[in-house]
Amino acid sequence: MSSLILSAATRYLLPLLLLLSVYLLLRGHNLPGGGFVGGLVGAAAFALHCIAHGVETSKRVLRVQPRTLIAVGLLTAALSGSLSLFAGRPFMTGIWNSDGLTILGKIGTPAVFDMGVYLVVLGVVLTIIYSLSEE
Amino acid sequence: MNILLILPILIPLLTAISSLLAWRNRSLQRVFSTTGACALFGVSLALFAVVWQDGVQASQMGNWPAPFGITMVADLFSALMVVLTGLTGLGVVVYSLAAIDPERESFGFHALMHFLLMGVCGAFLTGDIFNLYVWFEVLLISSFVLLQLGGEKAQLEGAIKYVTINLVSSALFLTAIAILYGMVGTLNMADLAVQLKSADRQEMLTTVSVLFLLAFGIKAAIFPLFFWLPASYHTPPAPVSAIFAGLLTKVGVYALVRVFTLMFVQQSEQLSRLILVAAGLTMTTGILGALVQNDFRRVLSFNLVSHIGYMIMGLGLFTPLALAGTVFYTIHDVLVKTCLFLVGGIIYRLRGTYKLSKLGGLYQARPVVAVVFLVPALSLAGVPPLSGFWGKFILIKAGLDRQAYLMVAVALVVGLLTLYSMAIVWSEAFWKRAPDDRQAEAPLLPTAQLHSRLLYFIPVGVLACLMVLIGALPEPFYDIAGRAAEQLMNPTDYVRTVLGRLP
Chain A
1 MSSLILSAAT RYLLPLLLLL SVYLLLRGHN LPGGGFVGGL VGAAAFALHC
51 IAHGVETSKR VLRVQPRTLI AVGLLTAALS GSLSLFAGRP FMTGIWNSDG
101 LTILGKIGTP AVFDMGVYLV VLGVVLTIIY SLSEE
Chain B
1 MNILLILPIL IPLLTAISSL LAWRNRSLQR VFSTTGACAL FGVSLALFAV
51 VWQDGVQASQ MGNWPAPFGI TMVADLFSAL MVVLTGLTGL GVVVYSLAAI
101 DPERESFGFH ALMHFLLMGV CGAFLTGDIF NLYVWFEVLL ISSFVLLQLG
151 GEKAQLEGAI KYVTINLVSS ALFLTAIAIL YGMVGTLNMA DLAVQLKSAD
201 RQEMLTTVSV LFLLAFGIKA AIFPLFFWLP ASYHTPPAPV SAIFAGLLTK
251 VGVYALVRVF TLMFVQQSEQ LSRLILVAAG LTMTTGILGA LVQNDFRRVL
301 SFNLVSHIGY MIMGLGLFTP LALAGTVFYT IHDVLVKTCL FLVGGIIYRL
351 RGTYKLSKLG GLYQARPVVA VVFLVPALSL AGVPPLSGFW GKFILIKAGL
401 DRQAYLMVAV ALVVGLLTLY SMAIVWSEAF WKRAPDDRQA EAPLLPTAQL
451 HSRLLYFIPV GVLACLMVLI GALPEPFYDI AGRAAEQLMN PTDYVRTVLG
501 RLP
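Residue numbers (the working numbering), protein chains in the order written: chain A, 1 to 135; chain B, 1 to 503.
If you are wondering where the hints come from, they were derived from the structure by calculation, not from laboratory data. Positions of the beta carbon are idealized from the N, C-alpha and C atoms, including for glycine. Hints are not guaranteed to be accurate.
A few chain A residues that face chain B, going by a derived Cβ cut-off under 7 Å, partial list only [said to hold, decoys possible]:
1. Arg11
2. Leu74
3. Leu75
4. Ala78
5. Leu85
6. Thr93
Label-pair restraints from in silico Cβ distances [as the list claims (entries may be wrong)]:
7. Phe227/B x Ser131/A: 29 to 37 Å
8. Asn490/B x Gly88/A: 54 to 62 Å
9. Trp52/B x Phe86/A: 45 to 53 Å
10. Leu454/B x Ser131/A: 34 to 42 Å
With the hints as constraints, model all of the structure from the sequences given.
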């Protein structure tokens with residue numbers, strides 16, 4: 001069941017949706033959004049691709065195993081929390097770059113934690129979707 | 001030393017992540033898993049040493065002061081439970097290196113095991129009632145997957161019952177938290193302890209405390225909420241059953257003790273009769289169930305239920321000595337139950353069945369297995385000089401002091417029936433002639449190499465030695481239990497350490 005319209009549209013929608021998911025991730029710092037929603041939108045982008053082009057192609061586009069995304073996401077989140085331990089503060093204390101970076105602005109470990117959440121959500125949802133559509 | 005409070009959670013997390021990253025490489029996963037379990041055990045001992053020397057430790061997560069942030073806190077009871085988690089975790093991981101099949105290993109057994117350990121440690125260390133709920137979910141979700149990993153028919157059947165009843169329990173727990181938060185507006189357990197003393201609607205608090213009793217009672221498998229346990233614990237492979245039996249019900253017991261000694265002190269006096277009745281019925285129904293079973297692991301599952309009753313009995317009596325008994329009995333029970341389920345795995349490996357009627361002749365063929373079964377079995381029944389004797393002794397002494405003679409009588413009779421139940425297993429599996437002569441002559445552990453035999457026997461042997469050690473030298477362990485109970489009965493230190501002041 002392949003539809004020309006869907007597969008042509010997906011080619012443009014996939015990068016747009018991924019961009020939106022990253023936007024939501026970064027916006028979530030002070031406004032509605034965040035890693036969880038961003039991850040869901042990102043997963044929705046790949047789910048759309050999976051419907052349009054099939055599981056195998058979608059997996060090839062993703063390049064990494066969803067499982068690896070979960071592991072890397074968890075690692076990112078755990079490390080963002082542990083960083084404060086090296087500074088002699090309790091676990092999960094936010095550490096901030098007060099000068100700010102050029103594009104992102106003021107950034108700290110909570111944003112890194114959110115990126116971890118993004119990756120975990122993306123990985124978990126894609127693991128579910130891929131194993132369901134393979135059966 | 002607040003880093004020690006977070007390491008028992010971080011180490012299993014990092015181990016699980018490394019196992020996930022090394023998904024395709026089973027031998028690397030085994031290395032990570034063993035290293036992680038060793039590290040967890042070492043850290044838990046260090047945490048215990050610090051708490052023993054310097055008293056209650058607390059750490060405010062994210063540097064948010066209590067009661068606004070989440071506090072991690074370890075008093076002696078928590079630290080002791082973390083040590084037991086580290087010990088059984090290490091034992092079971094070593095055992096599983098030989099006992100778990102490659103399929104289960106390649107579907108993430110090691111990662112799941114460490115997520116489970118993380119959940120258990122988190123539940124023991126958190127000082128926030130909602131965070132406790134979160135850790136319960138972490139350990140439950142890991143246990144759901146571990147329980148059905150392998151996808152055998154019996155496993156799925158057991159998993160459905162297990163998952164359903166645990167979801168009910170979680171819903172009750174969450175409802176209780178919501179009502180409590182609505183009443184006093186705080187979730188920090190130390191702060192709750194302070195606020196609840198002066199809360200104006202005490203009758204409402206009784207309702208909430210009963211909700212907690214129900215929710216944790218399901219997790220701890222006390223009467224009449226235990227039916228899920230014998231229906232599911234005998235289905236997964238031995239290492240999984242062993243860690244479930246050793247740790248998961250004790251998390252329920254821990255939560256009951258924590259909630260009723262810290263938060264609902266007045267309610268626990270009102271409810272003490274109810275708790276005692278539940279304890280007595282848990283003991284009796286559990287052991288009566290065990291007597292009629294013909295499956296090695298189902299006998300153990302019912303015994304597990306039965307002996308939860310002893311720990312709850314200590315809580316119901318609610319004296320310092322009785323709580324010391326609960327703590328002592330918990331140490332003993334974690335060791336015994338883990339050990340017995342692991343021995344069950346060895347027997348299955350030898351004979352390919354758990355049916356008592358089909359087993360036999362093991363004493364003649366494998367005296368070592370017989371010894372490592374006999375030590376925990378006698379300890380479970382409370383035969384001196386093993387660990388179970390002292391646990392029962394303290395609890396019965398406490399019962400006599402409170403003049404709870406009926407309770408004491410029940411505890412004694414159940415101890416006797418436990419001996420009978422273990423004697424049945426002994427005579428069926430070990431003493432009688434093997435029903436099938438070919439089986440008796442077949443080479444035992446035919447494919448097992450020496451190192452795989454060592455992996456089977458070292459954890460079991462160490463656990464059995466510990467039981468003998470506790471039995472022979474109960475004094476230091478009683479000291480630990482006594483001091484832990486003192487802290488539980490008088491939580492001033494706990495509250496002061498968490499809140500940083502004493503209101």
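Outcome of the hint check:
no. : hint                            : in the structure
1   : Arg11                           : violated, 31 Å
2   : Leu74                           : holds, 5 Å
3   : Leu75                           : holds, 5 Å
4   : Ala78                           : holds, 6 Å
5   : Leu85                           : holds, 6 Å
6   : Thr93                           : holds, 4 Å
7   : Phe227/B x Ser131/A: 29 to 37 Å : holds, 32 Å
8   : Asn490/B x Gly88/A: 54 to 62 Å  : violated, 32 Å
9   : Trp52/B x Phe86/A: 45 to 53 Å   : violated, 27 Å
10  : Leu454/B x Ser131/A: 34 to 42 Å : holds, 38 Å
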